[in-house]
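Engineer: Let's have the full structure, built from the sequences with the hints guiding it.
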Amino acid sequence: MQNAISLRRPITTDICLAIRRLPMASWGLICAWTAVLIYAASNSIVALLVDIGEANPVDQGRNAITYMNLLLLGSLLSVIPMVFLFRRDWTRANIARLTRRDWRMLTLSAFLSSALTPGLFFYALAHTSVTNVVLVSRIEPPLFLLAAWLVLNERVCRRTMTAGLIALTGAVVMIGSRDGGGVGALGTGEWATVAATLSYVASTLVTRVSLRDIPLGIFSIYRTVVGAAIYFVLVSALYGPQVFRDILSPLLWQWIWLYAGVVIVLGQLAWNMALKHARASELSLATSFSPLAAILIAMVLLGETAGPGLIPGAALIVLAIAIGNGLFSRQRTALIDHGVATNDRERHTPFAWSPQSHVRPQWAQLIPPPSHPTASQLAESRHGAPTGAYPPWTLSTAPPRLPWSRPALGG
1 MQNAISLRRP ITTDICLAIR RLPMASWGLI CAWTAVLIYA ASNSIVALLV DIGEANPVDQ
61 GRNAITYMNL LLLGSLLSVI PMVFLFRRDW TRANIARLTR RDWRMLTLSA FLSSALTPGL
121 FFYALAHTSV TNVVLVSRIE PPLFLLAAWL VLNERVCRRT MTAGLIALTG AVVMIGSRDG
181 GGVGALGTGE WATVAATLSY VASTLVTRVS LRDIPLGIFS IYRTVVGAAI YFVLVSALYG
241 PQVFRDILSP LLWQWIWLYA GVVIVLGQLA WNMALKHARA SELSLATSFS PLAAILIAMV
301 LLGETAGPGL IPGAALIVLA IAIGNGLFSR QRTALIDHGV ATNDRERHTP FAWSPQSHVR
361 PQWAQLIPPP SHPTASQLAE SRHGAPTGAY PPWTLSTAPP RLPWSRPALG G
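Numbers 1 to 411, taken from full-length UniProt numbering, label the letters of the sequence shown in order.
No wet-lab data here; the hints were simulated from the structure. Given the structure is predicted, the values throughout are model-derived calculations rather than measurements. It is possible that part of the hints are untrue.
[Stated by the list, open to error] Simulated DEER-style distance windows between Cβ atoms:
1. Gln254 to Arg97: 37 to 45 Å
2. Met299 to Trp257: 20 to 28 Å
3. Arg97 to Ser26: 35 to 43 Å
4. Glu54 to Asp213: 44 to 52 Å
5. Arg212 to Lys276: 17 to 25 Å
6. Trp191 to Leu165: 15 to 23 Å
7. Thr305 to Ala126: 16 to 24 Å
8. Trp149 to Ala93: 30 to 38 Å
9. Val243 to Val151: 32 to 40 Å
10. Trp253 to Glu154: 41 to 49 Å
Just so you know, even glycine gets a beta-carbon here, dropped at the ideal spot from N, CA and C.
Structural biologist: Have a look at this one:
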């Protein structure tokens, strides 16, 4: 008996061996859900960090961990992993290919997506709850589809629009059922969320219309760096540069590195692995649950309550997820009945699962993708949304927001 016990492998060894035997498709699925949960938690973590700063004031009772400091410092730190991910895009040939108009539109995109939009979302977080930010941001999916129809002449998929409207109805039910609330009682934070959502839609349209051939690495790094600079100038002009005087505070750096390691680095690595190995339907399903995950995480970490409308509102959002993912589609049912798994027919390649894929003609889908992803592919996949629960500085690598489910910055 003792010999048998001595020869038995440690449990950790068995676990490691089991993990190593997992197929890459399973790794992709695990990474997709890991990334979605990390990003869904990001706004709650930001709010929690601000509370930690308030509980540990620095000189003269100031809070060093403010939303402004977190946004600016987080944006700058996010450039570090981007340099490693996209360094090959920064070649002389790629840079020389850009025209003056490209640089102007890149700067406009940087202002909208990396300065105005995240600034408004963080302002919203400072004046309302994470749950409210997630719920109000549900207006984005139908708004984006409507804008794409009006500006880009894209055909609107009825199923997608229906799912987006049902999810929005679920959000309205939750907001309207809260104590002392109601749709007519929207405050400063909620209206800031609306403005941030409109800014995000505008930035996406700018990207799709004017930045179609910009390499993703140039687009992401330039947008982040220039956006951070614009944000610093705007905030300094409005409130004075003294609002950033604690940006070198040891307390801020102690917590920003923890947050950067989990949300920015681990989140980006997990999402990139998911993009590489997960299937389109798996990514779609995982990101669809981001709003609900963001609300539940806010309830656990921050003690927020969604009110009596949580169950009926969540039920409507789950229904929207089912409709948006085609679970009630006759064609999908027919494929499964004939022994064809839909997931096996849609092996994922980056950006192939764009919610606007139905707009592209079949001949266009046969054209091989460029050697490097472009900014327009980023916009078409809507790969990285700021609202709800994504930190605004992860816009280039955050999970894609599908029309029926807005991933939570708070959602």
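Engineer: Indicate, hint by hint, whether the structure satisfies it.
Structural biologist: Each hint tested on the structure:
no.	hint	in the structure
1	Gln254 to Arg97: 37 to 45 Å	43 Å, holds
2	Met299 to Trp257: 20 to 28 Å	27 Å, holds
3	Arg97 to Ser26: 35 to 43 Å	40 Å, holds
4	Glu54 to Asp213: 44 to 52 Å	46 Å, holds
5	Arg212 to Lys276: 17 to 25 Å	24 Å, holds
6	Trp191 to Leu165: 15 to 23 Å	21 Å, holds
7	Thr305 to Ala126: 16 to 24 Å	19 Å, holds
8	Trp149 to Ala93: 30 to 38 Å	37 Å, holds
9	Val243 to Val151: 32 to 40 Å	36 Å, holds
10	Trp253 to Glu154: 41 to 49 Å	45 Å, holds
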